[in-house]
Amino acid sequence: MAARRATQEADVSRARRLELPVVGRRPAGRDFVWLVLDAPPDWRSLPGQFVNVLCESDAHEARASEGRVLDEADGWPEATGLELGGRRAFGRRPYSIARVERSGRQVRLHLLVQVKGPGSRFLGSRPIGSAVDLVGPLGTHFTAPADDRLCVLVSGGCGLAPIFGLAEGLAEAGRRVVNLFGAATLEAMPLDFSEPPRPTGPSAGCCAGAPGLEETASAKEFAFRGATTFLATDDGSAGFRGPVTAALETYLDGPGRGEPAALYGCGPKAMLKRLAQIAAERGLACEISLERHMGCGIGVCLSCVARRRDPGDPRGWTYRLTCREGPVMDAHEILWDDA
Amino acid sequence: MSDAKADLAVTVGKIRMRNPIATASGCSGYGEELAAFYDPGLLGAIVTKSITLEPRDGHPPPRLVETRAGMLNAIGLANVGLEAFLAEKLPALARYDVPVIVNVAGATRDEYVRVARALDAAEGVAGIELNVSCPNVKEGGIEFGVDPKTLGGLVEAVRHEVSRATLIVKLSPNVTDIAVVARAAVDAGADALSLINTLRGLAIDPWTGRPRLSNVTGGLSGPAIKPVALWMVRRVWQEVASKRGVAIMGLGGVQFVEDVIEFLRAGATAVAVGTANFVNPETGRTLAEGLGEALRRLGCARALDLVGRLEVT
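Residue numbers (my numbering), protein chains in the order written: chain A, 1224 to 1562; chain B, 463 to 775.
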């Protein structure tokens, strides 16, 4: 029986609303942008936590939303909050904190933005010097295993974001980390390669007993000490050909055979569901970060529910808030058919 | 105009509010969530999520989707139920120096009556807001809210049980003439009215053909509905509230200080902030702090002086 994660409930009282300046931005892959924000020196967050980012702004509305009455010369603002007919985003979007970089009193938050809709287009196009309005830190965080077992991290697409910070945090803490990252194709990876990764193919395996699996050391993002990274692509354009969960099984049956391990994951639902199955089949602990549409991010609107096992309930499950009792949860607790 | 601070205090029924800013039902939790961002005591009142006799799970997800200039939700009246509310949530709310208005929903008249009776007897409940307008669940009271006769019967029955708390009836915009239901509510003994609840709406994913909410339809809120809300507040104020001396709590797209002024001018004595809390959790404080300055610029000594002042020449 895999060790169960103790249920966490996030402490909203630690969250603040902040306007953080963009100090760095770097497009990566076909449709990702890494955004670097300057955070206050007392910023405290743990891998897996998120920020709820306002993806709507213009100068006029921003001033009105601050409650300042405009100068007489400006006239009264219309302040309807939105331009009619525009495909503008209106509310906030939850983003995992991908990385917290500290240097003296300087603190930088890294967000990974996948540009796909009006909100992410707005956020991904913020220029250096502009301010990003966010509420955070919010939500639960990943927990390290109690012993020195191997930490195997599995992510897909923009699910890389929380896993990135986790990999770095675990590696810095001296844990042994294996990081498997999957995407549809090489161009869909939000990674910057010092040299293009090679497709490995079934026969090129350098890991004994792990066909198709080859360590990828060339992604600059993973250049920190202590993590071994494998890539997987659906089309085989980089690394293992196939789903990242198949790469995981290959790893567990090969180099990781017989090793006590803890699994961590973030990515599309189908990937997480399979990850949870693999963890259950092998009796491994597994924490995942679940993505959900959220209204408020602080436990008020009750929209981000997921069905979780609850032995105390006659049906065996209850709806739980992903923003307060997640996004990081025990994978074994989630009823995946509904998730 | 002197530099004296404008008087922001207003009264809704028996509830004395330090300013006209409340949080709307379902958009402010039970106080503690907002307390992370500001002291709820800065507000005029807090209105809780709908409470029902028994706990409710709510609808399966997705429960909420953003739409142009607004938000469509079908939460399904998820709540802890009366017993847990009285045992856990209400005492927690008492920490803040702010009047608490508890929103009540039910499937039957008896359910409303039983919940209202218990709340009226509970310490720390300044007001009871009857949700007769949830568009998302069969048991959400919408059938009580659209037929004046049925509504009158419900309000009368609840009125009989509520002597201490202010009885507020929250009206649905999904009717032909909101003044007719407003009149029925006041005739039956409502101390105050709040309007509007959400407008029933539908959002569709054009490529899959599926509705974006599990409940198919939902309630539309946010800036998109503000002009509708303003007009309905105006209509109810003219036809009912001003004649009967009943206060209106106006809501629907309140986000900026200017919105508050517009609602007061339309005829609201107070406003409630809903969806805007999700855009900016500090909205309530921002409005409470900014209103004085706005009144000063209008040359208005008291917030109450603005109520109903639409300058039609």
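No lab work stands behind these hints, which were simulated from the structure alone.
Just to be clear, a hint being listed does not mean it is correct.
Unchecked claim - Examples of chain B residues toward chain A, derived with CB under 10 Å:
no., residue
1, P524
2, L661
3, L664
4, D667
5, P668
6, W669
7, R672
8, P685
As the list claims (entries may be wrong) - Across the chosen pairs, the derived CB separations fall in these ranges:
no., chain 1, residue 1, chain 2, residue 2, range
9, B, E755, A, A1251, 41 to 49 Å
10, B, A466, A, D1536, 31 to 39 Å
11, B, I666, A, T1408, 29 to 37 Å
Said to hold, decoys possible - Simulated coverage check for chain A against chain B, where a stretch passes if three residues somewhere in it have a Cβ under 8 Å from a Cβ of chain B:
no., region
12, 1377-1383
13, 1480-1488
Beta carbons: idealized from backbone N, C-alpha and C, even for Gly.
Cross-check of the supplied hints:
no., hint, result
1, P524, "holds, 6 Å"
2, L661, "violated, 16 Å"
3, L664, "violated, 17 Å"
4, D667, "violated, 12 Å"
5, P668, "violated, 13 Å"
6, W669, "violated, 13 Å"
7, R672, "violated, 14 Å"
8, P685, "holds, 4 Å"
9, B:E755 x A:A1251: 41 to 49 Å, "holds, 45 Å"
10, B:A466 x A:D1536: 31 to 39 Å, "violated, 57 Å"
11, B:I666 x A:T1408: 29 to 37 Å, "holds, 30 Å"
12, 1377-1383, "violated (count 0)"
13, 1480-1488, "violated (count 0)"
In this structure, the earlier hints numbered 2, 3, 4, 5, 6, 7, 10, 12, 13 are contradicted, and the remaining ones agree with it.
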